[in-house]
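Protein chains in written order, with the numbering used here: chain A, 1 to 342; chain B, 343 to 684.
The set of hints was computed from the structure by calculation and includes no laboratory data.
Errors might be hidden in some of the hints.
[Claimed, not checked] According to the in silico footprint, chain B covers these stretches of chain A (three or more CB under 8 Å from chain B):
1) 142–151
2) 167–178
[As the list claims (entries may be wrong)] Here are some chain B residues pointing at chain A (derived, C-beta under 10 Å):
3) Leu448
4) Ala498
5) Thr500
6) Ser504
7) Gly506
8) Ala510
9) Asp518
All C-beta atoms, glycine included, are put in the ideal place defined by N, C-alpha and C.
Number of protein chains: 2
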Amino acid sequence: MHVLITGAAGFLGQRLTAALLERGELNGRALTRLTLVDRVAPDRVTPDRVTPDQAAPVPPAHDDITLDCRAVDITRPGALDSLLDERPELIYHLAAVVSSAAEADLDLGMTVNFAATRTLLEGCRAAGLGETRLIMASSVAVYGGELPAVLDDITALTPQSSYGTQKAMCELLINDYSRRGLVDGCVLRLPTIVVRPGRPNAAASSFASSILREPLGGEAAVCPVPTGLALFVMSPGRVIDALLHAATLPGDALAPYRSMMLPGLTVSVAAMLEVLCAVGGEEALARVSHESDPRIEAIVASWPARFETRRAERLGFVGDGDFHEIVRTFIAEQEATSERFE
Amino acid sequence: MHVLITGAAGFLGQRLTAALLERGELNGRALTRLTLVDRVAPDRVTPDRVTPDQAAPVPPAHDDITLDCRAVDITRPGALDSLLDERPELIYHLAAVVSSAAEADLDLGMTVNFAATRTLLEGCRAAGLGETRLIMASSVAVYGGELPAVLDDITALTPQSSYGTQKAMCELLINDYSRRGLVDGCVLRLPTIVVRPGRPNAAASSFASSILREPLGGEAAVCPVPTGLALFVMSPGRVIDALLHAATLPGDALAPYRSMMLPGLTVSVAAMLEVLCAVGGEEALARVSHESDPRIEAIVASWPARFETRRAERLGFVGDGDFHEIVRTFIAEQEATSERFE
Chain A
1 MHVLITGAAG FLGQRLTAAL LERGELNGRA LTRLTLVDRV APDRVTPDRV
51 TPDQAAPVPP AHDDITLDCR AVDITRPGAL DSLLDERPEL IYHLAAVVSS
101 AAEADLDLGM TVNFAATRTL LEGCRAAGLG ETRLIMASSV AVYGGELPAV
151 LDDITALTPQ SSYGTQKAMC ELLINDYSRR GLVDGCVLRL PTIVVRPGRP
201 NAAASSFASS ILREPLGGEA AVCPVPTGLA LFVMSPGRVI DALLHAATLP
251 GDALAPYRSM MLPGLTVSVA AMLEVLCAVG GEEALARVSH ESDPRIEAIV
301 ASWPARFETR RAERLGFVGD GDFHEIVRTF IAEQEATSER FE
Chain B
343 MHVLITGAAG FLGQRLTAAL LERGELNGRA LTRLTLVDRV APDRVTPDRV
393 TPDQAAPVPP AHDDITLDCR AVDITRPGAL DSLLDERPEL IYHLAAVVSS
443 AAEADLDLGM TVNFAATRTL LEGCRAAGLG ETRLIMASSV AVYGGELPAV
493 LDDITALTPQ SSYGTQKAMC ELLINDYSRR GLVDGCVLRL PTIVVRPGRP
543 NAAASSFASS ILREPLGGEA AVCPVPTGLA LFVMSPGRVI DALLHAATLP
593 GDALAPYRSM MLPGLTVSVA AMLEVLCAVG GEEALARVSH ESDPRIEAIV
643 ASWPARFETR RAERLGFVGD GDFHEIVRTF IAEQEATSER FE
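So here's chain A without its partners, still in its complex pose (with noise of 0.2 Å):
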């Protein structure tokens, strides 16, 4: 089985990535070869170039499976069409700009984030690639404005964002390529992932990995927002398995509508410090501080933290247990990246 990943340098296609290499297999098939594409080239997944910063989990050396690196700019029109040609049965569209640099340039996010996209399914059309899965990721950002209390699978897509917007678009045209037999495609909406590893960033919710990355690790964090603020979240293990999940699916089973919201974990950040404190102590609690930034607060109290995931779980997504487990998961995977660099 040839998978093909786009944006395969990044958080999620460096797991993924991983995640593919050590299962070797998917759905019962044999994976032959992964083409990894990015900006540039993504071979970071070979283990001597994995720091701890990124501490994707190490795949162990799989001598059958060609991997396959390339540094292309997707947003060149056909740049994709001789991968296409080679007829990946899987494919994993990852590449994006993030919302922060869709907002600040319209021209960039339509660019990348739509355009690219559209050239995407265009090349699958050309290449004749209607059974070929094409499962893209696609962020709570597709919702906005005035919502209800408790948001469902057919609440309506109203992005207050250019970010939300492109996104919203991709599900569309994605779904109307899926319809008319041109591809087999999957949207997954995911909810904000916590706990990341690494370093802040500047994205809005960085906090939210933060506040406990940070004193877990003995460090100082700033919490921004009230604590009374509710996330949907879920932790990049469950992502990893949803990105896998899906790929198993029957394109039958995802029609009519092939996007839906993955099945996060409502916790506010109060419920968060509060297992802070149950797992690293007083001390590790005590190392977040509280400075509200209003422009912060505008943002992540726009995205919407309670859903009916039904249709997800229903196709057999899972999500995590409690925020408890994501934590206690969080410390697992840093102790064995920390063992792994001793």
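Chain B: place on chain A using the hints.
Quick look at chain B alone, frame taken from chain A:
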């Protein structure tokens, strides 16, 4: 006030032009110029060119309104740039290929229905038309798939046609460009327009006008669907009223999401035929024969017929009183048109 209309030679475009010329003003401001754009120059509103089939009410002459009719291929990049540089204060974007054409030819639909809308938005952005109200006609076809019994303003768009997909993508783009202040958009989702004057056409909804118009005119008509089937309908006059009303609403009343279904009327085919009998008598009703057409039934049955349209009503959009009123208005208009041509 300078108004630009795309698709001006179409059914709605002609009627809207006539209505604007008849009023001579909008929102208290005198109309000074109407720029009418279509693939062929839409000069058919000139009274001596109107035929009974087109049946648009003939406007009184307005010496103080400049009529500028242009043949423009709006799918050509930059085709509208010189017109947008003249800074129209109101744009009606009615140009589109119909659903059957968009379904038969994906590229045609993507080019005319989506890419041309994007080009128009980019043209508005380049010309600095952040204050210009852009009104696009969308459709009940944006809905589809597994829907609740009654749809409302927060029901997801999960279209099951390429036409619906393209319109839904345009809605998202217009909303994002409006949110960014690049244009002042408003999208009206139109119910099925009944009773259309003229002749039957290839549209799946054509029968809904035929089964009234033909019998009332002494001709036979075929009803291809079960009479229990319900439709969500609006008269041509109320649709034009809505298009005019949309031009008068302040932008902040439309935020955070500028798309809405108009307040149509839910009516079963049986109820439509009852009105036909009440207005035209048993002999009119007898002119309708029933011949099932599963292809048409499948399409029409997929259109939702029950909506709560609170948002549109709160914003002052008005639907038809009842189906009797729709038919009476149609008859009165037909008589006025006949007199004009006698």
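Each hint, compared with the structure:
1. Judged by the Cβ-Cβ criterion of 8 Å, the segment 142–151 of chain A is covered by chain B as claimed, because 5 of its residues qualify and three suffice.
2. Restraint check on the segment 167–178 of chain A versus chain B: 6 residues with Cβ-Cβ distances below 8 Å, three needed, restraint holds.
3. For leucine 448 of chain B, the interface hint holds, the least distance from its beta-carbon to any beta-carbon of chain A being 7 Å, beneath 10 Å.
4. Contact between alanine 498 of chain B and chain A, as hinted, is supported at the beta carbon level, the nearest pair being about 5 Å apart and thus within 10 Å.
5. Of the supplied interface hints, the one on threonine 500 of chain B holds, with its beta-carbon coming within about 4 Å of a beta-carbon of chain A, less than 10 Å.
6. The restraint placing serine 504 of chain B at the interface with chain A holds, with a minimum CB-CB distance near 5 Å, inside the 10 Å limit.
7. Using the Cβ-Cβ criterion of 10 Å, the hint placing glycine 506 of chain B at the interface with chain A is satisfied: the shortest such distance is roughly 8 Å.
8. The beta carbon of alanine 510 of chain B is positioned within 10 Å of a beta carbon in chain A (closest approach about 5 Å), and the interface hint is therefore held.
9. Contact between aspartate 518 of chain B and chain A, as hinted, is supported at the beta carbon level, the nearest pair being about 4 Å apart and thus within 10 Å.
Taken one by one, the earlier hints all hold for this structure without exception.
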